[in-house]
Amino acid sequence: MKNCKFFRKFPIVRRKKKTKKFFIFPKSMNTLKCGIFLVIFTIIHQLLVTYLLTQLPEFPDAVAPDGIPIFPYNISFGVSSAAYQIEENVPPSNWMLWEQTTDENGKPHCPSMPLKVKGIEHFSEDVQIVKDLGCDTYRLSFSWSRINPEQDQFNDTAIEMYRNMLLELHNLGIRPLVTLWHFEHPAWLEKLGGFKSELFVSSFEKFVEYVIPKISDLCDYYHTVNEPVGIVSASLIAGIHPPGKGTAKDIFNSLVNLMSAHAKAYHIIHKYNKNAKVSYAKNLTPIIPRHKWSLFESLLAYILNYYNSVSFDVFRTGTIRFLWMKTEIPDIKNALDYISLNHYYCLWITINPKEWGKLNGNLVPLFSYGDDRLITSDFGWGLKSSSLADSIRWVNKLWNPNNLSFLISEHGCADYKDNRRPWFLRESLVFLTKLRDEGISVESYIHWSLTDNYEWAEGSNMKFGLIEINFETYERKMKKSAELYKEIIKANHERSSN
Numbered sequence: 001m002k003n004c005k006f007f008r009k010f011p012i013v014r015r016k017k018k019t020k021k022f023f024i025f026p027k028s029m030n031t032l033k034c035g036i037f038l039v040i041f042t043i044i045h046q047l048l049v050t051y052l053l054t055q056l057p058e059f060p061d062a063v064a065p066d067g068i069p070i071f072p073y074n075i076s077f078g079v080s081s082a083a084y085q086i087e088e089n090v091p092p093s094n095w096m097l098w099e100q101t102t103d104e105n106g107k108p109h110c111p112s113m114p115l116k117v118k119g120i121e122h123f124s125e126d127v128q129i130v131k132d133l134g135c136d137t138y139r140l141s142f143s144w145s146r147i148n149p150e151q152d153q154f155n156d157t158a159i160e161m162y163r164n165m166l167l168e169l170h171n172l173g174i175r176p177l178v179t180l181w182h183f184e185h186p187a188w189l190e191k192l193g194g195f196k197s198e199l200f201v202s203s204f205e206k207f208v209e210y211v212i213p214k215i216s217d218l219c220d221y222y223h224t225v226n227e228p229v230g231i232v233s234a235s236l237i238a239g240i241h242p243p244g245k246g247t248a249k250d251i252f253n254s255l256v257n258l259m260s261a262h263a264k265a266y267h268i269i270h271k272y273n274k275n276a277k278v279s280y281a282k283n284l285t286p287i288i289p290r291h292k293w294s295l296f297e298s299l300l301a302y303i304l305n306y307y308n309s310v311s312f313d314v315f316r317t318g319t320i321r322f323l324w325m326k327t328e329i330p331d332i333k334n335a336l337d338y339i340s341l342n343h344y345y346c347l348w349i350t351i352n353p354k355e356w357g358k359l360n361g362n363l364v365p366l367f368s369y370g371d372d373r374l375i376t377s378d379f380g381w382g383l384k385s386s387s388l389a390d391s392i393r394w395v396n397k398l399w400n401p402n403n404l405s406f407l408i409s410e411h412g413c414a415d416y417k418d419n420r421r422p423w424f425l426r427e428s429l430v431f432l433t434k435l436r437d438e439g440i441s442v443e444s445y446i447h448w449s450l451t452d453n454y455e456w457a458e459g460s461n462m463k464f465g466l467i468e469i470n471f472e473t474y475e476r477k478m479k480k481s482a483e484l485y486k487e488i489i490k491a492n493h494e495r496s497s498n
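First residue of the sequence shown: 1, per full-length UniProt numbering; consecutive thereafter.
Just so you know, the hints here were simulated from the structure itself, not pulled from any lab data.
Don't take each hint at face value.
As the list claims (entries may be wrong) - Result set (SDA-like, lysine to any residue): computed pairs, CA atoms no more than 25 angstroms apart in a straight line:
1) K249 with I237
2) K277 with K397
3) K477 with F424
4) K490 with L172
5) K277 with R316
6) K486 with Y73
7) K107 with G244
8) K206 with N334
9) K118 with M462
10) K486 with L172
11) K271 with N402
12) K107 with A238
13) K486 with I174
14) K245 with G361
15) K333 with Y306
16) K479 with N498
17) K397 with Y345
18) K397 with L304
19) K397 with H291
20) K118 with P149
21) K326 with I215
22) K245 with Y73
23) K131 with L166
24) K271 with D156
25) K292 with Y345
26) K480 with D378
27) K206 with L166
28) K397 with K434
29) K397 with L299
30) K271 with K333
31) K326 with K434
32) K486 with W399
33) K191 with K277
All chains should be built: construct the whole structure from the sequences, respecting the hints.
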């Protein structure tokens, strides 16, 4: 067509294509924009990290001076035990049911040890050891299964036995601290849902109403429940304690029921003993970012510290929150006379795979027990001797508006050879002596535990005791750590008498 003579007479008009014009910054302007964005991002990042770090525990490296730790005031020293971990022939319980079942591989959930360390038979011998150590406090628990073996049926002989134990402690000048629920309850209750069921609360209320009038003249210090968040985590999340793994709803219901049980027991105890001091034993495992510059580590640590905050916040707000669930706990606001802490180790969040810890031989991504850089216990937990004092500082800062005193109800380490426990005990107490200067009152230090015992899923393999047990003859023998503890207590008594 272009060659056609007709079309040659007329010029071909071509329309120019319209092109979109883009304004192109000079290269220097692009660099400036990137720089501004980077500065803003850095500022926001740093502000977030700084805020999160104010809500997280601080665990600076510290060196303990040599020598015996001496407190600048009178402090109570004690040791701990728990009924199911030391008593022989406990009636059917949630733990007995658990011991009789197996995991998916056919392995028993935990070993059955009906005689344990014969804590009832050797009670007089054991409390004499408590006296010989110089301790003035003994924390013990009552077996709910022994006292309340069938629904609405109570064993008067059993409660009389426990009352006689308290009398014996009084005769030796030792203050009892009674724990009413230390992970163990009757089998009949477990079959009806255990602490996942509201029946747990009403049944515990009846149990406490039966027990307290019979011992209130002999005991002023109480724990209602032991480690409510700890047992929920170990059972419903980890599946290593009864009743095994559960749903999110089970977790929420269990937290609600255990904290409701505390509130009920708190008011019952005060009804019968106006001078009673009542708390619950809080398992404190601070979760810390390994690298302070990491927003991810700080944010994850902040979220996971719900484990520590939930059972403190409830005394201020009166409510339990978990995920999308929330409920009020009647009569729990300020239902706490002192803060009782069980503390053994810390957890670090780390993005460095070389620092990831192991649990039961399995790698745990993002978590470190400090085992990559610290001396460890037989459990593999990193031992940081300053962590007890640092943990108390953290709790006092965030969750102690009423300036309550602190009681250390469990602290120690699993150490078969007893070559780390003496160091860990001495240095931990050295750091603890410094808290009074900061206005923090620690009224008692109670070591876990008096004797080697039945350590739940671990059986008798983990040795926490100051006293060694020969499981063939049941002979008691002081370890090096017991001798050191005795020396520390003696030195503090001598200071207070001068």
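Okay, the hints, checked on the actual structure:
1. K249 with I237: Holds, because 12 angstroms separates the two Cα atoms, which is no more than 25 angstroms.
2. K277 with K397: holds (22 angstroms)
3. K477 with F424: holds (20 angstroms)
4. K490 with L172: holds (17 angstroms)
5. K277 with R316: Roughly 19 angstroms between the alpha carbons, so the hint for K277 and R316 holds.
6. K486 with Y73: Holds: K486 and Y73 sit about 18 angstroms apart, inside 25 angstroms.
7. K107 with G244: At roughly 14 angstroms apart (the allowed maximum being 25 angstroms), G244 and K107 satisfy the hint.
8. K206 with N334: holds (23 angstroms)
9. K118 with M462: holds (17 angstroms)
10. K486 with L172: Cα-Cα ~17 angstroms, so holds.
11. K271 with N402: Holds, at roughly 22 angstroms.
12. K107 with A238: holds (16 angstroms)
13. K486 with I174: holds (15 angstroms)
14. K245 with G361: holds (20 angstroms)
15. K333 with Y306: holds (19 angstroms)
16. K479 with N498: violated (29 angstroms)
17. K397 with Y345: Holds, at about 19 angstroms.
18. K397 with L304: With Cα atoms ~18 angstroms apart, K397 and L304 stay inside 25 angstroms; holds.
19. K397 with H291: holds (22 angstroms)
20. K118 with P149: With Cα atoms ~20 angstroms apart, K118 and P149 stay inside 25 angstroms; holds.
21. K326 with I215: Distance of about 36 angstroms is beyond 25 angstroms: violated.
22. K245 with Y73: Not satisfied, since the Cα-Cα distance of roughly 45 angstroms exceeds 25 angstroms.
23. K131 with L166: holds (14 angstroms)
24. K271 with D156: Holds, because 21 angstroms separates the two Cα atoms, which is no more than 25 angstroms.
25. K292 with Y345: Within the cut-off at roughly 19 angstroms; holds.
26. K480 with D378: holds (17 angstroms)
27. K206 with L166: holds (21 angstroms)
28. K397 with K434: holds (16 angstroms)
29. K397 with L299: Holds, at about 19 angstroms.
30. K271 with K333: holds (17 angstroms)
31. K326 with K434: Violated, at roughly 39 angstroms.
32. K486 with W399: violated (33 angstroms)
33. K191 with K277: Violated. K191 to K277 sits at ~33 angstroms, over the 25 angstroms cutoff.
Violated hints, listed in ascending order, are 16, 21, 22, 31, 32, 33; each of the other numbered hints is respected by the structure.
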